[in-house]
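Chains as they are written, first to last, in the working numbering: chain A, 1 to 241; chain B, 1 to 409.
Any given hint could be a false lead.
Stretch by stretch, here's where chain B covers chain A in the computed footprint (C-beta under 8 angstroms, at least three residues) [to be verified]:
{"#": "1", "region": "14–28"}
{"#": "2", "region": "188–194"}
Interface residues of chain A toward chain B, partial, derived using beta-carbon atoms under 8 angstroms [said to hold, decoys possible]:
{"#": "3", "residue": "F101"}
{"#": "4", "residue": "N107"}
{"#": "5", "residue": "L109"}
{"#": "6", "residue": "S111"}
{"#": "7", "residue": "L120"}
{"#": "8", "residue": "I123"}
{"#": "9", "residue": "Y124"}
{"#": "10", "residue": "A125"}
{"#": "11", "residue": "D200"}
The set of hints was computed from the structure by calculation and includes no laboratory data. Just so it is clear, the structure is predicted and the values come from calculations on it, not from any experiment. All residues carry an ideal CB built from backbone N, CA and C; glycine is no exception.
Spelled out from the first residue to the last, the chains are:
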Amino acid sequence: MTVTTRDPLAGASPVIEITGARKTYRTGDIEFEALRGIDCRIFPGEYVAIVGPSGSGKSTLMNILGCLDVLTSGSYILAGEDVSTLDEVALASARNRRIGFVFQQFNLLASLTALGNVELPLIYAGVAPAERRERALAALERVGLGDRWRNHPGQLSGGQQQRVAIARALVTEPAIVLADEPTGNLDSRSTEDVLGMLDDLHGEGRTIVLITHEGDVARRAQTVYNVTDGQFVGAGTEIAK
Amino acid sequence: MRPADLLSSSWRAVRSHKMRSALTMLGIVVGIASVVLTVGLGLGTQKDVSEQIAALGSDLLIVSPGSSTDSSGVRGGFGSGQTLTLSDAEALGNEVVVPDADAVAPEKSSSLSLEYGESNWTTTVTGTTTSWPTVRSRELLYGSFFTDDDVTSGAHVIVLGSETAVELFGATTVVGQQVTIDGETFDVVGVLSEAGSSGDTSLDDLAVVPMTTMIDTLATTASESVDTIYIKAVSSDVLGAASQEATSLLLNLHGLASADDADFTVDVQDSLINAATSVYQKLTVLLTGIAALALLVGGIGVMNIMLVSVTERTREIGLRKALGAAPANIRNQFLIEAMILGLSGGAVGVVIGVGLALGLPGVLGSTIVISGLALVVSVVVAVGIGAVFGVYPAARAARLAPIDALRDQ
C-alpha cells in the first residue's frame, strides 16, 4: 500500500468537487461541527471508499454528497452544477438526476414489486410508463434479477433485495452511485455478491462512492478517504491492486 | 411527476392499508349517510306537507267578513262583522263573473249541543250548501251528503263528523239515527271520513246541516249573514286570479270603490302552510346540524389517521425524497390519499344512505325523497372534507427532512 497525493487526471473534470466543506449542527445553545473543512475531488470512473468510525462525520459527508443536506460553508460542485446553494426543490431534482442511492436497509417499498421499486426514481423524473418499464426491466436484467421483476421485496433474499436497490440506483444513469454501508445487513455470501456487483459497475466505468466502517469492504475501492473528527486524515489512500 | 402516476401512487397506498383506510372512511360514511337521509327526510316531509295541504285545499280561498285593516291602517273587526251574505255566496258561484272558481260554499256556524238519548255533545254546527264536500275536500264514510232539495226545503237532516258521531253514539255507523238540537229532531244522513286536524282544531268534530235549516231553526245571528265563504279555485295555479275576481265582485256588490275600504278579507290557507313549513324547516335544521357534526367528526378522524399514517411512513417519505420526490410531490400524494378516502367514504355513505332511505319509510311511515343533486353534492362534500382535513397531515409529510426521515427506524 502506498500513499500518494492524487493529481487530477489531465483533461477530465471531476464529478465531485468539494472545497472547504464545513457543516455545523445547532441544538439549542450547543454547536457541533460535524465537518471541519474537507476538500475532495472525485473523477469519473473512480471507485472511492470513505471510511471512519461512527461519529467521525462520515454520515454527514454522505448526506452532503447525496444532496440530502447542505453545507454550512464551503462549496460542492456535482457534475458541473453548484449544488451548495440549491433550494429543497432543486436539491430533490439533483438527487433524482445525479445520484443513485444504495442504503444499508435496502429501503425498498414493500407494497411495490421489484419492477415498481426500480421505476420509482423514473416516476419522479416524469418518464412515461412504457419507457420507464423498459429501462427498469433492463436495470433488473443488469443485476441478474430479470426474471424476478414481479416479486415483492418480501419474496426476495437480502442479497436479492440489495441488488434490486442497485438496479434502482442505476436506472436513472446517475453521475455517481452512492452506497451507504451497502453490506451492513448482509451475510458473507450476499456481501461478496453485492461487492462483486459494485466491482463490475466500476469495471464498466461508473463512479462509485462507498461509505463503510469495514476495512475489508473499503479495500475493494481504488481510493480510500479516512474521516476522523470531521476531517480527512492524510490524503486519499490509493489501494495497490 | 405525471398526474396519473401521482393518482396511482396514492391509490396504491390507500389499498395497501385496507383496514386503516376502512376505519378512516367510517366517519365519512356515517356522516354522508346521515346527510343523505336528512335531506331525503326534509324533502319527504316537504312533499308530505304539500300533499296534505293539497288534500285540505291548497286551491282554497277563504272570504271572511270584516277587514284586517281599515282604510287608515287600524286593525278592524276581522271575522266578526256580518257583512257577508248568502247572496254574496250565490254571486261568487256565478261562472261568468268568477270564472276561476270551481265551487263556492258559504258557512254559517254556531256552537250547539247535540243530544242522543242520555248523551249530549257540544260541537260546531255548520249550515252550508251541497258544494261543501267538494270545496272542503271531504268524503263520506257512511251515507251521503244532504241534497239540493234538502237545502231548498230546509230539511231536518244532519251530517256528522266521525269524532262527533263517536262522542254521541259510540260508533260511526249511525246513518238513520236521530239527534236533537234545541228541541228539533234531525235525521243523520251521513258520517264524514276522518280528516285529521288543522292546528289545534279537530276537523272531525263537527256537524253539517243545510244552510236554510241553519238560518230558519238554529242560527242566532242575522239571518242572511254568513260567517265564511269558501271558494275552491279551478286549480291552485289560478288561486290568485280567483282571489282578484272574488274581491272585485264583492267590492262591487258592497258598493265600495277601493280595496282599501273592503269590509271583507279574501285569504288563502296561509296559516296552515306556514305552520307545516316551519315544522319541517325546524326538523331539517336539526337533522342537518346532526349530520354536519357527524361529518366534522368524520373529517377529524381522517386527519388523525392521516397523521398516524405520516408518522408510520416516515421512512417511505424519506426514501421517496431521496429518490427525487419534491415536497410538493409528497404533499400531493397525501392530499390525494385523503381525497380518495373522502370519495370512497362518500360513495359508500351514499349507498348506505339510499339503502336506508328505501328501507326506512316502511318502518317509520315517513316519506324520504332521494334527490340526485343531494347525492352528488354529498360526494363532492366528502371529497372536500378529505382535502380540507388532509392539508395538515400532507403539509407535515412534505416538510419532513429526508435525512431525518431516512434515519427513522
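Results for each hint:
Check result for the region 14–28 of chain A against chain B: violated, 0 residues qualifying (beta carbon to beta carbon below 8 angstroms, three or more required). For the region 188–194 of chain A, the stated coverage by chain B is violated: 0 residues have a C-beta nearer than 8 angstroms to a C-beta of that chain, whereas at least 3 were required. Interface restraint check: F101/A against chain B, minimum CB-CB distance 5 angstroms, threshold 8 angstroms, status holds. The closest approach between the C-beta of N107/A and any C-beta of chain B is roughly 5 angstroms, which is under the 8 angstroms cut-off, so the hint is satisfied.
The closest approach between the C-beta of L109/A and any C-beta of chain B is roughly 6 angstroms, which is under the 8 angstroms cut-off, so the hint is satisfied. A hinted interface residue such as S111/A counts as satisfied when its beta carbon comes closer than 8 angstroms to some beta carbon of chain B; here the least separation is about 4 angstroms, so the hint holds. The restraint placing L120/A at the interface with chain B holds, with a minimum CB-CB distance near 5 angstroms, inside the 8 angstroms limit. About 5 angstroms separates the beta-carbon of I123/A from the nearest beta-carbon of chain B, less than 8 angstroms, and the hint is met.
Contact between Y124/A and chain B, as hinted, is supported at the beta carbon level, the nearest pair being about 4 angstroms apart and thus within 8 angstroms. Of the supplied interface hints, the one on A125/A holds, with its beta-carbon coming within about 6 angstroms of a beta-carbon of chain B, less than 8 angstroms. Against a cut-off of 8 angstroms between C-beta atoms, the interface hint on D200/A is violated, since the closest Cβ of chain B lies about 23 angstroms away.
In the structure shown, a violation is registered for the earlier hints numbered 1, 2 and 11, in ascending order.
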